[in-house]
Amino acid sequence: MQDVFSVIIVPDGCRGLEGQYRLEPGHTLRFGRTAPTGTGLALSHPAVACAAGEITATGAFWILTNFSSDQTYLVENPEGAGEHIRVAPGRADAPVPFEFARVRLCAGEAGAGCGFDVLAPRHDYLASADSLVAGARSRAQRAATLRPDAAHGEGNRRADRTEDPSASMTENPAGGGAGDPAEDRTQDWRFDPFPRPYPLDHSCHYFLVLAALCEASLRGDAAAPVPDVVELTERLRPVWPDASPAAVAWNIDYLRLKLRLRAPDAAESVREALVRFALRFDLVQEAHLAVLDGGLAHAGAGRESRAGAAPAY
1 MQDVFSVIIV PDGCRGLEGQ YRLEPGHTLR FGRTAPTGTG LALSHPAVAC
51 AAGEITATGA FWILTNFSSD QTYLVENPEG AGEHIRVAPG RADAPVPFEF
101 ARVRLCAGEA GAGCGFDVLA PRHDYLASAD SLVAGARSRA QRAATLRPDA
151 AHGEGNRRAD RTEDPSASMT ENPAGGGAGD PAEDRTQDWR FDPFPRPYPL
201 DHSCHYFLVL AALCEASLRG DAAAPVPDVV ELTERLRPVW PDASPAAVAW
251 NIDYLRLKLR LRAPDAAESV REALVRFALR FDLVQEAHLA VLDGGLAHAG
301 AGRESRAGAA PAY
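Heads up: the sequence shown begins at 1 in UniProt numbering, then just goes up one per residue.
Just so you know, these hints were derived from the structure itself, not from any lab. Accuracy of the hints is not assured; some may be wrong.
Have a look at the derived ranges for each label pair, beta carbon to beta carbon [to be verified]:
(1) P245 with R15: 47 to 53 Å
(2) R237 with A88: 49 to 55 Å
(3) G82 with P36: 33 to 39 Å
(4) H202 with P95: 20 to 26 Å
(5) V230 with A47: 49 to 55 Å
(6) H84 with D12: 14 to 20 Å
(7) H84 with P245: 37 to 43 Å
(8) C14 with A216: 28 to 34 Å
(9) Q285 with D242: 24 to 30 Å
(10) G294 with A216: 32 to 38 Å
(11) A216 with G26: 38 to 44 Å
(12) R262 with T39: 47 to 53 Å
(13) L17 with G90: 32 to 38 Å
(14) C14 with D221: 36 to 42 Å
These figures come from a predicted structure and were not determined experimentally. Backbone N, C-alpha and C fix where the C-beta goes; we use that ideal spot for every residue, glycine too.
All chains, please: the whole structure from these sequences, using the hints.
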């Protein structure tokens, strides 16, 4: 992935691109109170060590080294619910898994110059799941490539010899030769080496309920309260005309069971737990909010979960 910076460091008070530090994979930036001018990040806070540490861009993430002998650095995830890691004094090459991070160098200090922000915008993806499967899929591809010529050659050879069932079994003991329909079906076979741990059917009512629960947070209003059952019912009525508080409550309880969440004492905490869990594991994303406006196809009554109906896995 070229032309994409692996790590972007944004100092406090930076208001433009010219003040940022952009690192490609393998590049390093040192920081401290007396960091090299032009090649390092200088921090003016008196509590910061002269040579405080360094950041190294490593592919789709970055690592942090703490040069200090007595200060622990804190790396926070502003998007998480208090997620953070601590980098102990003298710790080398501590991997940081956050896409957005705030590095705090001075314990108990919140003023400018005692920290900076780090962005890791690079995302790497597998080219294809098929590349991880070198078994039946690859053999089927090779067989499909050779089948036209092989079929003619096999026909000519069989025409010149006497049919021998035992010979056929020897050539193809598994019954999966080039002309076997079972092998033809394997050509369309797909294997997902990374199955989703929580598969959700986006055409079911329970996904509508989950999307409505997460809507405010996904639209940027993280401080908004989680809607109650009555508010959810009103929100879903345009795309779910038969929605009722009982049906919505049933789907909330079904989501709790499907996602294997522990049952809290209060109904409100169940909804909040669902929102936290769904956002943490990307079960609902901003693009999924289209279901609330009828933007995605909705399944018929036979596939949707209802109050009193058997859940569809």
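Which hints from the list above does the structure break, by number from lowest to highest?
4, 10, 14
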